[in-house]
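Peer 1: The primary structure of each chain is shown beneath.
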Amino acid sequence: MEVGFIGLGLMGRPMALNLIRAGHSVHVWSRRRASMAPLLEAGAGDAASAAELAERCPVTISMVADAPDVEQVTLGPGGVAERARAGHIHVDMSTIAPAAAQRIAAALAEKGVVALDAPVSGGEVGAVAGSLTIMAGGDAAAFETVKPLFEAMGKSVTLIGAAGAGQVAKACNQILTGVGVAAVAEALNFATRSGVDAARVREALLGGFAYSRILENHGQRMLERNFKPGFKAWMHQKDLRIVMEEAHRLGLALPASAATAQLFNAVVGSGMGEDDSIAMLRLLERMSGAEE
Amino acid sequence: MSGAGMRVGFIGLGVMGAPMARHLLAAGHDLAVWARRPETADALVAAGAARCASPAALAARSEVVFTIVTTGADVEALAFGSGGLIAGFAPGAIHVDMSTIAPATAREIAARYAKSGVRWLDAPVSGGAVGAEQASLAIMAGGEGETLEAVRPLLEAMGRTIVHIGPVGAGQVAKACNQMVMVSAIQACAEAMRLAQAHGVDLAAVRQALMGGSAASRVLEVMGERMVARDFVPGIEARLHHKDFGLLIEEAVRSGTPLPIAGQVAQQLNALMACGWGRDDTASLLRVLERMA
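Quick note, the sequences are listed as chains G and Z, same order.
When the letters of the first sequence are read in order and numbered with my numbering, they come out as residues 1 to 292.
When the letters of the second sequence are read in order and numbered with my numbering, they come out as residues 1001 to 1293.
FYI, nobody ran anything at the bench for these hints, they're computed from the structure.
Everything numeric in this text was worked out from a predicted model, so none of it was measured.
One thing to keep in mind: the hints can contain errors.
Here chain Z is said to cover these stretches of chain G; the calculated rule only asks that three of the stretch's residues, wherever they fall, bring their Cβ under 8 Å from a Cβ of chain Z [stated by the list, open to error]:
1) 240-251
2) 268-280
Only part of the chain Z face toward chain G is listed, based on derived beta-carbon distances under 8 Å [said to hold, decoys possible]:
3) Val1163
4) His1164
5) Ser1184
6) Ile1249
7) Ala1252
8) Ala1266
9) Gln1267
10) Asn1270
11) Ala1271
12) Met1273
Ideal placement from N, C-alpha and C gives every residue a C-beta, glycine not left out.
Start from the sequences, fold in the hints, and give me the full structure.
Peer 2: Structure below.
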C-alpha cells in the first residue's frame, strides 16, 4: 500500500520502518528534515510537505506531539487536506484529547478526508518490535482498509468505536499506566526505606495478584536506576493533562489520577521531564528526605 | 485623566458587575453600559447610565472600560470580536478586566492591545457578592503601575484593598492563588463538618468552638455557617469555582508546579458538577462527601 508518514520521532521512526519491512511503499515528510534521513536510507520516498504526501498516497499517518501539531499537518497550510483526493484516509496515531480528535475528524470530513484516531501503547520498545497496542476510533470501513498497516506496526489492533473513541481508550490506558508507575515507585521506595530488598519484593509480587506489566518492566528499571527514556516523563504529564481536562469537562471525579498528575508536575518541574517516567521514584525519594 | 467625573464604560452586569457599576455611578463618574441582554442594564440606565449599542460604541466614548464576565473567551470576544472594544478605543484608553481568566490569556490580550496603543490592567477581585455590594472588594492588579494609578480612583469606588501585584497577568496569578486557598479551605471545612456529623456531634457547636481557636477563618465563619444551616443558595455559584480550578490546574501543568491539595479539590468540584449542584453554593462540597459515604 502507498502510505505517507508524518512525524519521525522516537515512536514514528521505528513505526515507519516496520511499514517498509512489511513491504509497503512508504513516503515521509517531517518538520525536521534531519529526522527523515534514516527512512530515506531505508528506501522511503521524500516529500516536501504533508500535502505532497496526501497527493501521492491514498493513506497518510501522523505521529506527532499534541493536538496543535495534528491540526497543523492535517488542516494547516501545506497540510494533508490541501491536496488529498476524495476518500483519502488520514490516520492520526498521536495521543491527543478525544474532543480534539473529534473536532479534527469533523473538519477533515468537510474536505472529503476520512479520519481515524489510532493512538498506541507500548512505548519505543513496542514501536521497534512492531508489537504496539493500537486503539482506533472512526469509520469501520476505513479501519478495515488500513488494518494491514496497523498489523505491520502492532500486535493488538482494536476498533473501539466512533471518532475519538481511540483517544478515550488511550486516556484510560494513561490513567492505568500513570497511576501504576506512581504505585510501583511508592511500593519499591516503601520497601527500601523499610530496610527490605526491593528487588526481592518485586520478584515475590510478580507471582501474585499485584502482578502487572509495569511492576515487571518499570519496576526492573527502577531497581537498575535506569532513567533513560523509554517514555519521557513530560509526555506522561501531557497525557494526564488531557485526562484531567476531559474529567473537568465531563464533571468526573478522578482522585487517584489527579494525585498522580500533580506528582508528574513535580517530576517535570524539578527538571526530570526528559527522563523516563520512572523518575517518579527519584521524586518520591527526595520527598521522603533522601539527599540527591 | 482627572480623579472625578471620568468617562467610564462597564460590561458584565451580573451578580458582581451590577453593584460595582452602581458604585461608579454613585461616585459621580459618567457611566455607560453595554449588555448582551439589554434588560440587565435597565436598572442602571434608570439610575442615569448611558446605554451603548455595541462594545465598540462604548469604547469610543470611554477613557476606561471595565469588564467582568465569565471566561477568557468572553473577554477576547468583547475585545476583538465584531463590534468589539478595539474598534472604538482611542490610543491611551484603558481596558480593566476584572474577570477571573487564565494569566496567559490576559497576557495575550494585553499584547494585542499594545499594538494599538490601548492599555490593559487585569484586576480580578475577591470578596464575592457581599463585597461587591459593600464596595469592600480586594482587587489584585496586573499591569503598568502608571495605568493602575490612572484608574485607582475608580477602583477605590468598588474595593477597599487594591494591590499592584506586578506586570500584566500577575493579577490573575494572585487570583488563582486566592481561589486555591479559599476553595481548599471550603473543602477542609466540609471535611471537618462531615467528620463531626459522622460522630453525631453538633455541627454548630463544633464550628463555634473552632472559631475561637487557631482554626478560625473567614471560610469557617461564612461557609461553615452555610453548612451548619444546610443553606446551599449561592453566594457565588460552585460552577464558577469549578471553572477557576480548571484554569489553575492547567497553569500548574504549564509551570511544572505540584499542587497536591488543589488537584484533589478539583476532583471534588468535578464530582459536585456531576451531582448537578453547579448552580448552588460551593458549600455543597459537604454534600459531595455525604454522597461518597
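Peer 1: Would you mind marking each hint as holding or not holding in the structure?
Peer 2: Evaluated hints:
1. 240-251: holds (count 7)
2. 268-280: holds (count 4)
3. Val1163: Violated. Min distance 27 Å.
4. His1164: Given a least distance of 27 Å, the restraint on histidine 1164(Z) is violated.
5. Ser1184: At 13 Å from the nearest chain G Cβ, serine 1184(Z) fails the 8 Å test, so the hint is violated.
6. Ile1249: 6 Å, holds
7. Ala1252: 5 Å, holds
8. Ala1266: 6 Å, holds
9. Gln1267: Interface hint status for glutamine 1267(Z): holds (5 Å vs cutoff 8 Å).
10. Asn1270: 5 Å, holds
11. Ala1271: Hint on alanine 1271(Z): holds, closest Cβ of chain G at ~4 Å, below 8 Å.
12. Met1273: Because about 4 Å separates methionine 1273(Z) from the closest Cβ in chain G, which is inside the 8 Å limit, the hint holds.
In summary, the structure is inconsistent with hints 3, 4 and 5 from the numbered list given earlier, while agreeing with the others.
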